[in-house]
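Number of protein chains: 2
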Amino acid sequence: MQYVIEDIDAAELARRRAIYVPLTEAVRDLIDATIRTEVDDTVITQVRDEIAAATAKLRAEQIVGSYGLRKTPVGDSVSWGNVAVGLRNAIAPPIMVESSPDGLHWAELTLGAAYEGPTGLVHGGIGALILDHVLGATAKSVAPSFTGTLTLRYRRGTPLGTLRAEARVDRTEGRKVIVTGTLSDADGVTIEAEGIFIRPETS
Amino acid sequence: MQYVIEDIDAAELARRRAIYVPLTEAVRDLIDATIRTEVDDTVITQVRDEIAAATAKLRAEQIVGSYGLRKTPVGDSVSWGNVAVGLRNAIAPPIMVESSPDGLHWAELTLGAAYEGPTGLVHGGIGALILDHVLGATAKSVAPSFTGTLTLRYRRGTPLGTLRAEARVDRTEGRKVIVTGTLSDADGVTIEAEGIFIRPETS
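If you're matching them up, the sequences are chains A and B in order.
Sequential numbering of the first sequence, starting at 87, is according to the numbering used here.
Sequential numbering of the second sequence, starting at 87, is according to the numbering used here.
Among these hints, one or two may not hold up.
Identical chains share a label here; the pair holds if one copy fits it or two copies do between them.
Subject to a maximum C-alpha distance of 25 Å in a straight line, what follows is the list of computed DMTMM-like cross-link-like pairs (lysine to aspartate or glutamate) [said to hold, decoys possible]:
no. : residue 1 : residue 2
1   : K157      : E124
2   : K143      : E124
3   : K157      : D126
4   : K157      : D127
5   : K157      : E259
6   : K262      : E280
7   : K143      : D115
8   : K143      : E287
9   : K226      : D188
10  : K143      : E111
11  : K157      : E111
12  : K262      : E278
13  : K226      : E278
14  : K143      : D162
Hints listed in this document are in silico derivations from the structure and should not be mistaken for laboratory results.
Just chain A, with the same shape it has in the complex:
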């Protein structure tokens, strides 16, 4: 995993979070409103112009290209552009993976209208994104690794709403870390997943 060091201390990291998280949450809310609005066309056009003007202000100074993986000198992750977990990426729910000493990794998240596939259900590919990310984070708790194979079994539709993803390392075989996991709603498992993650030869 290649990353760059963001040379900031904990106080500066907290300051930046306090600035960027509210901006990203406002954009996330706008995504939802853009899907669900029923206001008149004139308002839609006016709002479009306002958003374009706001975007131009943000683009007055910006990085070239994508955000990339970043860490602080003490190892805190600042990968805020990441589509699954990034605090500055309004596409990200964001997923926050937690873990317990017994090796369980999990994330709880609430998905609204912006993640829909079939009516009222989470898009199957979003279920795949969540499980790829949570299983990948679980594999990385053993060693840096990339997804080799991911197999998803869809037991039933996953309703929009509050969900929980869980994963554990099942076993390791040479350079392979095999991780299993599930996505569930309040009524139980909706998707089962198995991932084979590969450690690079250099690790």
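Guided by the hints, dock chain B onto chain A, whose structure is given.
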């Protein structure tokens, strides 16, 4: 597949596209700028307030819940909330699946900073979302069906930029439609996929 009929003709559909596509594109552009901006904190806070105000205008009238599957009386899809293909969903690249008479289904799309996982690369879960959607659309060309199993083999990282997804029906076995496909960049295949899609018993 349950859907509702949006009782509009082709002219009204075109009129709505002309209003909503520019709004969604403006929001998509804002998502990218939110990740990449380096402007001062005061500007960030000001933009956040402007976005919140614009969102409030959109929310003055809105549907309850999610957008759902919709079609016009002549069968045009109006599933504009869908996270993969929705014209009103700023998360969607959007994917536009095309097909040829020989059974090939494909989509070309360009992914920027908002879809990043590892530095400079598309998140593996976004590759999964794209392939789930394109393989699913391919299966639906045979019969209405839901994803049963999806297997993804990651050959190498998928660079951000212009990509092409392709899929074909491999075979059918009873209620199962087996579809294979790939995601590729200019240098060739990055992810291979196989999906088993299940026709409901009633179809």
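- Task: Would you list, in rising numerical order, the hints stated earlier that this structure does not obey?
- Result: 5, 8 and 14
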